[in-house]
Amino acid sequence: MPSKGYPRMLRRGERFNPLEVAKQTEEIVCRESSRKYTSFYATGVYGGIATGYTVGCCFRCFFCWTDFSRDYPELYGDYYTPEEACNNIVKAAKRWRVKKARISGGEPTLCRKHLLELLEHMEGRGEVELFILETNGLLLGADESYVRELTGFKKVYVRVSLKAGTPEAFEARTGASREFFKLPFKAVKSLLDHGARFHVAAMSDPRIMPLSERRKLIEKLAEIDEFVAANLEEEVCDPYEATIVRMSYYGVDPVKFFGGSSLEE
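In terms of our numbering, the sequence shown has 1373 at position 42, counting the first letter as 1, and numbering is strictly consecutive.
Calculated directly from the structure, the hints in this document are not laboratory data. As the structure is a prediction and not an experimental result, all values here were calculated from the model. Quick reminder that beta carbons are idealized off the backbone N, C-alpha and C, glycines included. A hint or two may mislead.
[Said to hold, decoys possible] Keeping only pairs whose Cα atoms sit at most 27 angstroms apart, straight-line, the calculated DSS-like set for lysine-lysine is:
{"id": "1", "residue 1": "LYS1513", "residue 2": "LYS1444"}
{"id": "2", "residue 1": "LYS1354", "residue 2": "LYS1335"}
{"id": "3", "residue 1": "LYS1517", "residue 2": "LYS1354"}
{"id": "4", "residue 1": "LYS1486", "residue 2": "LYS1431"}
{"id": "5", "residue 1": "LYS1485", "residue 2": "LYS1517"}
{"id": "6", "residue 1": "LYS1354", "residue 2": "LYS1422"}
{"id": "7", "residue 1": "LYS1354", "residue 2": "LYS1520"}
{"id": "8", "residue 1": "LYS1517", "residue 2": "LYS1547"}
{"id": "9", "residue 1": "LYS1520", "residue 2": "LYS1551"}
{"id": "10", "residue 1": "LYS1551", "residue 2": "LYS1517"}
{"id": "11", "residue 1": "LYS1485", "residue 2": "LYS1520"}
{"id": "12", "residue 1": "LYS1551", "residue 2": "LYS1513"}
{"id": "13", "residue 1": "LYS1430", "residue 2": "LYS1485"}
{"id": "14", "residue 1": "LYS1425", "residue 2": "LYS1485"}
[Unchecked claim] Computed Cβ-Cβ distance ranges for the label pairs, DEER-style:
{"id": "15", "residue 1": "GLY1336", "residue 2": "SER1543", "range": "28 to 36 angstroms"}
{"id": "16", "residue 1": "THR1369", "residue 2": "ILE1575", "range": "16 to 24 angstroms"}
{"id": "17", "residue 1": "GLY1344", "residue 2": "ARG1426", "range": "24 to 32 angstroms"}
Take these sequences, add in the hints, and give me the full structure.
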């Protein structure tokens, strides 16, 4: 069970230490080398990809589309060993005739032992040619050795999703204290330095991120590498059920928001 004060859905003004929340979440969703998943399936994004849907995250973004297992990880999912998770993902890939795989839903870099062992199994499976690692970058930015380990896998391609262009906006949107704002950018730098295959995405939907902040985010990326900045993938917020609930809890009217209003209005 999570400790008292474990953050669920975000309210305005709330903040926490995301590295501590990562540890608390791992106590719930990791069991030795096993990790909680809710489902295994294939979907049309990335041109078709097999997916393991994991439980648990260290951010509490109010616009997050992930189901409610993010907020109540103790109530959802079952534990799978790395080999079991790999087999289930490969089974989905074969069924839907796709060659790409990923872990989605929660934050894949939680449960480090599980992820690294799963990737080892994936390396030996010819049914999957590419494994896309989606991450918020926090844990990779906090520990360069994690990046070094990931770059040892030939099939891994990393997608780092940034949430904000300023420390204040980072704290407001994710709940993670602003002092941790630089860690996802540090992850980008480490991935570049270690020769990883990756690109960067950002929740730059103008209804959430003002243009002035978007410019700051791109400038910060350009300081790391101009090519990385020029190839930024820009995300748009969609009205998933969990997103609507989280927005309402945060104090944003989802009807107005998805009707075209920005948060500044």
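| task | Taking the numbered hints from earlier one at a time, note which ones the structure violates and give those numbers from smallest to largest. | result | Of the numbered hints, 6, 17 do not hold.
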